[in-house]
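Undergrad: Residue numbers (this note's numbering), protein chains in the order written: chain Z, 1 to 140; chain L, 141 to 176.
Since the hints were made in silico from the structure, they are not lab data. Keep in mind it's a predicted model, so treat the numbers as computed, not measured. Please note that the accuracy of each hint is not assured.
With a cut-off of at most 30 Å between alpha-carbon atoms, the simulated DSSO-like pairs for lysine-lysine come out as follows [said to hold, decoys possible]:
no., chain 1, residue 1, chain 2, residue 2
1, Z, Lys72, Z, Lys17
2, Z, Lys7, L, Lys151
3, Z, Lys107, Z, Lys7
4, L, Lys151, Z, Lys42
Chain L stretches covered by chain Z per the calculated footprint, using a threshold of three residues with CB under 8 Å from any CB of chain Z [claimed, not checked]:
no., stretch
5, 147-154
6, 159-171
Far from chain L, some chain Z residues (derived; all Cβ distances over 10 Å) [to be verified]:
no., residue
7, His15
8, Asp40
9, Gly41
10, Leu51
11, Pro52
12, Gly67
13, Glu76
14, Arg79
15, Ser140
Where is the CB? At the ideal position from N, CA and C, for every residue including glycine.
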Amino acid sequence: MAEFLDKDAVPVKIHIKEQPQVFERFGAQWTPTLVTFDADGKEVYRFEGFLPADDFLAHLYLGKAKGAFARKDFAEAERQFLEIVERHPRTATAAEALYWSGVSRYKATGDASALRKTAEEFRTRYTDSDWAKKASVWAS
Amino acid sequence: MATSTGISWRKDIDGAFEEARKTGRMVFADFNAAPL
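Excised from the complex, chain Z in its bound form (with noise of 0.2 Å):
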């Protein structure tokens, strides 16, 4: 976790107590709510509730993979949407990163072939999650 932390990004620890008025800002209405910002203070992910570290970190990444796509850094994000995929296989994260994967990549070359691949994945695997069914419409 520290890696991301670390390197990537500023982290900011609001305690309710001690600041509603940034809840209030940002429309915490729970907590743990985590939120990713851009360079320029733009929110690019948030998700709220306690997870074990396997799913926190999948999530933690999923928003470092959305800032990498909103910058429209399409290649970057397919690639860290997949690492994604593959380092935390079995989160409920890994559906979502797999679909994005392959919007990533048909941003990044305008093939929608890779839109077809990718609902192919989803024939074999995360079958029941709502990434799939979303997914499936991309299938030929």
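Got chain Z; can you put chain L on it based on the hints?
TA: Same frame as chain Z, but now just chain L:
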């Protein structure tokens, strides 16, 4: 800064945004109720 699990957490979000803008890094904000 607050420190837990080896990570140096800032406590001022606007300072974090300023540091992120200057360094090109992202901001990861943990809105929490657990003791700092």
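Undergrad: Is the nearest Cβ of chain L still more than 10 Å from the Cβ of serine 140 of chain Z?
TA: About 37 Å separates serine 140 of chain Z from the closest Cβ of chain L, which puts it past 10 Å; holds.
Undergrad: Should the label of histidine 15 of chain Z as a non-interface residue stand, given a Cβ cut-off of 10 Å to chain L?
TA: Not fine: 6 Å to the nearest Cβ puts histidine 15 of chain Z too close to chain L.
Undergrad: Taken at face value, is the distance from the CA of lysine 7 of chain Z to the CA of lysine 107 of chain Z at most 30 Å?
TA: Between lysine 107 of chain Z and lysine 7 of chain Z the Cα gap is close to 27 Å, so the pair holds against 30 Å.
Undergrad: Straight-line Cα separation of lysine 7 of chain Z and lysine 151 of chain L no greater than 30 Å?
TA: Holds. Lysine 7 of chain Z to lysine 151 of chain L sits at ~18 Å (cutoff 30 Å).
Undergrad: Can you take a look at whether the stretch 147-154 of chain L is actually covered by chain Z? Rule is 3+ residues, C-beta closer than 8 Å.
TA: n = 7 at 8 Å, threshold three: holds.
Undergrad: Holds or violated: are the alpha carbons of lysine 151 of chain L and lysine 42 of chain Z at most 30 Å from each other?
TA: Holds - the C-alpha atoms of lysine 42 of chain Z and lysine 151 of chain L are around 19 Å apart, at most 30 Å.
Undergrad: With a C-beta cutoff of 8 Å, work out whether three or more residues of the stretch 159-171 of chain L approach chain Z closely enough for the coverage to hold.
TA: It holds: at least three residues are needed, and the stretch 159-171 of chain L offers 12 whose Cβ sits within less than 8 Å of chain Z.
Undergrad: Take a quick look at aspartate 40 of chain Z and tell me if its Cβ sits farther than 10 Å from every Cβ on chain L, holds or violated.
TA: Given a closest Cβ separation of 7 Å, the condition is violated.
Undergrad: Run the distance test for lysine 72 of chain Z versus lysine 17 of chain Z: straight-line Cα separation, threshold 30 Å.
TA: Cα-Cα ~37 Å, so violated.
Undergrad: Is it the case that leucine 51 of chain Z keeps its Cβ farther than 10 Å from each residue Cβ in chain L?
TA: Its Cβ never comes within 10 Å of chain L, the nearest being 13 Å, so this holds.
Undergrad: Should the label of glycine 67 of chain Z as a non-interface residue stand, given a Cβ cut-off of 10 Å to chain L?
TA: violated, 5 Å
Undergrad: Does arginine 79 of chain Z sit more than 10 Å from chain L, CB to CB?
TA: holds, 16 Å
Consistency with the previously given hints fails for numbers 1, 7, 8, 9, 12, ordered from lowest to highest.
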